[in-house]
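Trainee: Here is what each chain is made of, one letter per residue.
There are 2 protein chains.
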Amino acid sequence: MLIFAGLGLYDLDDISLKGLKAIKNADFIFLESYTSKLSGAGLDQMHERYGKDIIVLSRQDVELEPEPILKAAENGVAVFLTGGDPMVSTTHADLRIRAKDRGIETKIIHGSSIVSAVCGLTGLQNYRFGKSCSIPYPVHNWFPKTPLDTILLNLKQNLHTLVYLDIQEKQFMSIREGIEILEKLMEDSSESIPLFVGVARAGSDMPVVVAGTGEKLKNIDFGPPLHILVVPATLHEIEKEYLKDFAWYVHQ
Amino acid sequence: MLIFAGLGLYDLDDISLKGLKAIKNADFIFLESYTSKLSGAGLDQMHERYGKDIIVLSRQDVELEPEPILKAAENGVAVFLTGGDPMVSTTHADLRIRAKDRGIETKIIHGSSIVSAVCGLTGLQNYRFGKSCSIPYPVHNWFPKTPLDTILLNLKQNLHTLVYLDIQEKQFMSIREGIEILEKLMEDSSESIPLFVGVARAGSDMPVVVAGTGEKLKNIDFGPPLHILVVPATLHEIEKEYLKDFAWYVHQ
Numbered sequence: 003m004l005i006f007a008g009l010g011l012y013d014l015d016d017i018s019l020k021g022l023k024a025i026k027n028a029d030f031i032f033l034e035s036y037t038s039k040l041s042g043a044g045l046d047q048m049h050e051r052y053g054k055d056i057i058v059l060s061r062q063d064v065e066l067e068p069e070p071i072l073k074a075a076e077n078g079v080a081v082f083l084t085g086g087d088p089m090v091s092t093t094h095a096d097l098r099i100r101a102k103d104r105g106i107e108t109k110i111i112h113g114s115s116i117v118s119a120v121c122g123l124t125g126l127q128n129y130r131f132g133k134s135c136s137i138p139y140p141v142h143n144w145f146p147k148t149p150l151d152t153i154l155l156n157l158k159q160n161l162h163t164l165v166y167l168d169i170q171e172k173q174f175m176s177i178r179e180g181i182e183i184l185e186k187l188m189e190d191s192s193e194s195i196p197l198f199v200g201v202a203r204a205g206s207d208m209p210v211v212v213a214g215t216g217e218k219l220k221n222i223d224f225g226p227p228l229h230i231l232v233v234p235a236t237l238h239e240i241e242k243e244y245l246k247d248f249a250w251y252v253h254q
Numbered sequence: 003m004l005i006f007a008g009l010g011l012y013d014l015d016d017i018s019l020k021g022l023k024a025i026k027n028a029d030f031i032f033l034e035s036y037t038s039k040l041s042g043a044g045l046d047q048m049h050e051r052y053g054k055d056i057i058v059l060s061r062q063d064v065e066l067e068p069e070p071i072l073k074a075a076e077n078g079v080a081v082f083l084t085g086g087d088p089m090v091s092t093t094h095a096d097l098r099i100r101a102k103d104r105g106i107e108t109k110i111i112h113g114s115s116i117v118s119a120v121c122g123l124t125g126l127q128n129y130r131f132g133k134s135c136s137i138p139y140p141v142h143n144w145f146p147k148t149p150l151d152t153i154l155l156n157l158k159q160n161l162h163t164l165v166y167l168d169i170q171e172k173q174f175m176s177i178r179e180g181i182e183i184l185e186k187l188m189e190d191s192s193e194s195i196p197l198f199v200g201v202a203r204a205g206s207d208m209p210v211v212v213a214g215t216g217e218k219l220k221n222i223d224f225g226p227p228l229h230i231l232v233v234p235a236t237l238h239e240i241e242k243e244y245l246k247d248f249a250w251y252v253h254q
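Chains R and P, in that order, give the protein sequences.
The numbering used here numbers the first residue of the first sequence as 3 and each following residue consecutively.
The numbering used here numbers the first residue of the second sequence as 3 and each following residue consecutively.
Bound-form chain R, shown alone (with noise of 0.2 Å):
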């Protein structure tokens, strides 16, 4: 049996009831590190919570060889944690579909997710949110136009965007960073982004949410990881009464 579990946004105390019953009863735990992360607990303190071993995979471990992944699976009831909501990234889809294959039952446990979330956090509402995208750390010197073709297009049909940004092994990308690519990418063009939204630390008990230009964000400490960024539409009226009662809004 192998089961998919969301740990929630922050820290231990972000999983469901459901989430917690299925580690207790778990003969193998897998933690996922490459998509997500609880910013607000260690590898630590999860071993001392939980009392059990606890495997930590890198991407590879879990596209290239999850062989040990399928095994424990087979021979038990293996929990596959993730930071977040388990299925958001493809990544988990496809080690679902090999474990299938294998013949082994398998059951996902939601949590909760900046998907969401961030319409709590911000203000902006649900329903306006377009397609999102992802700003990838450049390789090579090579910054991917995508995520801003993605924004401008929202914009133009009045609709927000969640920015994703980057999460790798030892490095998480910051909104100044994502706010930098940006810009970047829309030097030597007439397009311009209005106002950007931060938020750092997502379901922690100070998450961090400011409203700004890119030019006032970018001079922000927003603090240590997760950072993620919204780039609003044009704000409705309660929208933009939320945000200035419930985020700092620096006033351009």
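Heads up, some of the hints might be wrong.
Any copy will do: because identical chains look the same in the list, a pair fits if it lies in one copy or spans two.
Listed next, the in silico DSSO-like pairs over lysine-lysine satisfying Cα-Cα at most 30 Å (straight line) [unchecked claim]:
hint	residue 1	residue 2
1	K23	K54
2	K218	K102
3	K246	K109
4	K39	K26
5	K220	K172
6	K73	K242
7	K158	K220
8	K23	K109
9	K218	K158
10	K158	K147
11	K39	K109
12	K23	K39
13	K186	K39
14	K102	K246
15	K218	K109
16	K26	K54
17	K218	K246
18	K102	K242
19	K102	K220
20	K220	K109
21	K109	K242
22	K218	K172
23	K246	K73
These are calculated hints, taken from the structure and not from any lab test.
Note that the coordinates shown come from a computational prediction; the quantities given were computed from them, not determined experimentally.
For this one, chain R is given, so just place chain P on it according to the hints.
Mentor: Frame of chain R; chain P shown alone:
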């Protein structure tokens, strides 16, 4: 203090540990019953589990007469429970603003939501979803065309659409009703929707997920609420495989 806490998707075990702690420490518990619903748990079970009074709120209680909620939050710790993640609906953003205006401290505890869960349930990739839409029950036989417009615009851009189905006090729109309304809107037009995915009881141990034409899906008994619909764009290879593996794919 007013804490907005998400109950998560389906039953009493879908809340986070943080949410449960908030309930245990609460002086007043309110349950919002009109934008979502825990299908897997009744009010009696909630009473029993939490050992506290639970005040059930209608839309009118929240939007027009929120005084008792605000008073409670001024006099102690009030927890405002909703199915899913608490701030996906505009109506709660408004309540949070009112609380702030009264000088009441507020906080959000996130929960699992269909917004991200739909990816794991259907295998449809998060980054391929465009703007979502909702189908309301027709009032005086008037069917707003907006949801269809959203779906068709997304299809043109090769994006999936998450289609929320109306939730009324004692009436939950079924997948069949949703499809029938969309078909009515397409009458006398050349538009068509080639594929639907219906999802019933997300977050439960036995969610039902079926992909197929509208004609096929209308004849399937999805069982009790909640239902939602997805209109997928052209499926990627892995999405197709996932649907075939984990959904009941009604072949066309």
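Trainee: Give a verdict on every hint.
Mentor: Structure-based check of all given hints:
Proximity of K23 and K54 under a CA criterion of 30 Å is satisfied in both settings, with 13 Å inside one chain copy and 24 Å between copies. For a Cα distance limit of 30 Å, the shortest separation of K218 from K102 across copies, 26 Å, qualifies, whereas the shortest one inside one copy, 49 Å, does not. Taking CA atoms no more than 30 Å apart as the test, K246 paired with K109 passes between copies only; the shortest distance there is 16 Å, against 41 Å inside one copy. With identical chains, the CA atoms of K39 and K26 are at most 30 Å apart both within one copy (21 Å) and between copies (28 Å).
Only within a single protomer do K220 and K172 lie at most 30 Å apart by alpha-carbon distance; the minimum there is 22 Å, versus 49 Å between protomers. Taking the shortest Cα distances, K73 and K242 sit within 30 Å of each other only across copies (25 Å), while inside one copy they are farther apart (52 Å). Proximity of K158 to K220 under the C-alpha cut-off of 30 Å is restricted to the intra-copy arrangement: shortest distance 24 Å within a copy versus 36 Å between copies. Proximity of K23 and K109 under a CA criterion of 30 Å is satisfied in both settings, with 14 Å inside one chain copy and 26 Å between copies.
In the homo-oligomer, the alpha carbons of K218 and K158 lie at most 30 Å apart inside one protomer (23 Å), although the nearest pairing across protomers, at 36 Å, exceeds that limit. Taking identical chains as interchangeable, the C-alpha atoms of K158 and K147 lie at most 30 Å apart whether they share a chain (17 Å) or sit on different chains (21 Å). Proximity of K39 to K109 under the C-alpha cut-off of 30 Å is found in both arrangements, the shortest distances being 21 Å within a copy and 22 Å between copies. Proximity of K23 and K39 under a CA criterion of 30 Å is satisfied in both settings, with 21 Å inside one chain copy and 23 Å between copies.
In the homo-oligomer, the alpha carbons of K186 and K39 lie at most 30 Å apart inside one protomer (27 Å), although the nearest pairing across protomers, at 45 Å, exceeds that limit. For the identical chains of this complex, K102 and K246 are inter-copy neighbours only, at 11 Å across copies versus 48 Å inside a copy, given an alpha-carbon limit of 30 Å. Within a single copy, K218 and K109 get their C-alpha atoms only as close as 44 Å, which misses the 30 Å cut-off; across copies the closest is 26 Å, which meets it. Taking the closest pair of Cα atoms, K26 and K54 come within 30 Å of each other both inside a single copy (9 Å) and across two copies (27 Å).
In the homo-oligomer, the alpha carbons of K218 and K246 lie at most 30 Å apart inside one protomer (16 Å), although the nearest pairing across protomers, at 48 Å, exceeds that limit. In the homo-oligomer, the alpha carbons of K102 and K242 lie at most 30 Å apart only across protomers (14 Å), although the nearest pairing inside one protomer, at 47 Å, exceeds that limit. In this assembly of identical chains, the alpha carbons of K102 and K220 lie at most 30 Å apart only when taken from different copies (28 Å versus 46 Å within one copy). Taking the shortest alpha-carbon separations for K220 and K109, only the inter-copy value of 27 Å comes in at or below 30 Å, while the best intra-copy value is 42 Å.
For the identical chains of this complex, K109 and K242 are inter-copy neighbours only, at 19 Å across copies versus 40 Å inside a copy, given an alpha-carbon limit of 30 Å. Taking CA atoms no more than 30 Å apart as the test, K218 paired with K172 passes inside one copy only; the shortest distance there is 27 Å, against 49 Å between copies. For the identical chains of this complex, K246 and K73 are inter-copy neighbours only, at 23 Å across copies versus 52 Å inside a copy, given an alpha-carbon limit of 30 Å.
The structure fails none of the hints (numbered hints given earlier).
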